[in-house]
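Following the hints, position chain B against chain V.
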Amino acid sequence: EDQVTQSPEALRLQEGESSSLNCSYTVSGLRGLFWYRQDPGKGPEFLFTLYSAGEEKEKERLKATLTKKESFLHITAPKPEDSATYLCAVQDWAGNNRKLIWGLGTSLAVNP
Amino acid sequence: GAVVSQHPSWVICKSGTSVKIECRSLDFQATTMFWYRQFPKQSLMLMATSNEGSKATYEQGVEKDKFLINHASLTLSTLTVTSAHPEDSSFYICSARDRKWDPYNEQFFGPGTRLTVL
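Top to bottom, those sequences are chains V and B. Numbering-wise, our numbering comes out as the position in the first sequence, counting from 1, plus 11. Numbering-wise, our numbering comes out as the position in the second sequence, counting from 1, plus 3.
Just chain B, same shape as in the assembly:
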C-alpha cells in the first residue's frame, strides 16, 4: 500500500519550453501533496504544498508563476515548469499524505523526475 507514482521519470527539454510532471497516489486519497526539489548530494527542499481544490502554498523564494501547481483531484497533482531554463534542471520529487490521517502522518514519496533543460 501507500504507492505514489510520478511521470515522466526523466525529461530533457529545450530552454524556453514548458514541462508538466504528474504525481499520483495509486492506492489512497491525498488531500495534501508536496513538491520538492533536490540538488546533488543535498537534502530535500520543499517548493510548495498542494491542496486539493484550492491554491497551492509556495515556499519563500519559489516563483509561483514559474512553477504552476494544480491539484485537481484527490489522487493527482501536477507541477508545470513554465519557460524552463538550464538553472531549473534538477530532481523533482512529489509526496502525498493519506487523507485518513492528515495532517499528522507520514508522507509517501514518488520515485522522482529528473529534468534536464538544454
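One chain only, chain V, in its complex shape:
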C-alpha cells in the first residue's frame, strides 16, 4: 500500500539555522513527488515537483532532492516568514493515478 511519512512532525529553528525536512515514501512506481507549503487557514501553495531519483530543484532558500526512497527539503538560512507547514505528496503509476497520497506534514517555526 502506498504510504508517505514525513519527519520530524515539528521543527523549531533559529533564524539562519539551516536544516532539512524528510519525506519517506513507499509506492509501486513513483510518477511524481510534490512539495507544498501551507500557512494556517490557507490552501497549500505549490513548491516543487520531482520525477526521478537524483533530481534537484531550488527556489530561494529551499532546495528539494529525491532518491528512490525519500525526498529532502533543505532550508538554508531560514527566515521567520518561512514558518509554515510543509506537506509532501506522491503520485503512483499504478492504481488510481489521479490521486495524491499525502504525508501529515512538518510544522516549521523559525524564531527571529
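Check each hint, because a few of them may be wrong.
[Said to hold, decoys possible] Cut-off 20 Å, straight-line C-alpha distance, at most; resulting in silico cross-link-like pairs (DMTMM-like, lysine to aspartate or glutamate):
(1) V:Lys110 / B:Asp101
(2) V:Lys53 / B:Asp91
(3) V:Lys70 / V:Glu28
(4) B:Lys44 / V:Asp93
[To be verified] Derived DEER-like restraints, expressed as beta-carbon distance ranges:
(5) B:Val6 / V:Ser63: 25 to 31 Å
(6) B:Lys17 / V:Lys74: 29 to 35 Å
(7) B:Pro89 / V:Glu12: 30 to 36 Å
The set of hints was computed from the structure by calculation and includes no laboratory data. Because the structure is a prediction, the values reported are computed rather than measured. Glycine included, C-beta positions come from ideal geometry on N, C-alpha and C.
Same frame as chain V, now just chain B:
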C-alpha cells in the same frame, strides 16, 4: 499563473440548510478538480475527484448524496453540502490540474472555505 479561487472564503449556516462552494481555475483549464477536507492540525483528506462533463468519483466513506459535486465547465467545479449539520463544519479546499499536462502534474490549490454549521 496557475491561480485557483474559491468562493465564499467562509460561511456560517444553520443546521439543515445547504451550502454551495465554488472553485474556479482563473488562468488555465482544468479537466480534473479535487475537493479536500481538512480538520485542525491534520493533513488533507481527499473527498472526491471532479471530472469535467462526467460524474465525480468519491472516496470511500464520503456520502455522495450529501456532498454534491458538479464540474460543469473546464474552469468551474462546485461542491454543495446538503442538509448541513455541525459535524460538517470544516475547512474545505479545492485544487485543479492544468489540462495541458493532466494527469501527471501538480495540483494548484484554492484558498479554502471555512464552513461553520450552527
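Outcome of the hint check:
Distance restraint check for Lys110 (chain V) and Asp101 (chain B): the Cα-Cα separation of roughly 15 Å lies within the 20 Å cut-off, and the hinted pair is therefore satisfied. Restraint check for Lys53 (chain V) and Asp91 (chain B): the C-alpha separation of about 19 Å stays at or below 20 Å, so the hint holds. Between Lys70 (chain V) and Glu28 (chain V) the alpha-carbon distance is near 17 Å, which keeps this suggested pair within the 20 Å criterion. Note on Lys44 (chain B) and Asp93 (chain V): the hinted pairing holds, with a Cα-Cα distance of about 18 Å set against a maximum of 20 Å.
The hinted range of 25 to 31 Å is satisfied by Val6 (chain B) and Ser63 (chain V), whose Cβ atoms lie roughly 28 Å apart. The supplied range of 29 to 35 Å is broken by Lys17 (chain B) and Lys74 (chain V), whose beta-carbon atoms lie about 49 Å from each other. In this structure, Pro89 (chain B) and Glu12 (chain V) meet the distance hint of 30 to 36 Å, their C-beta atoms being roughly 33 Å apart.
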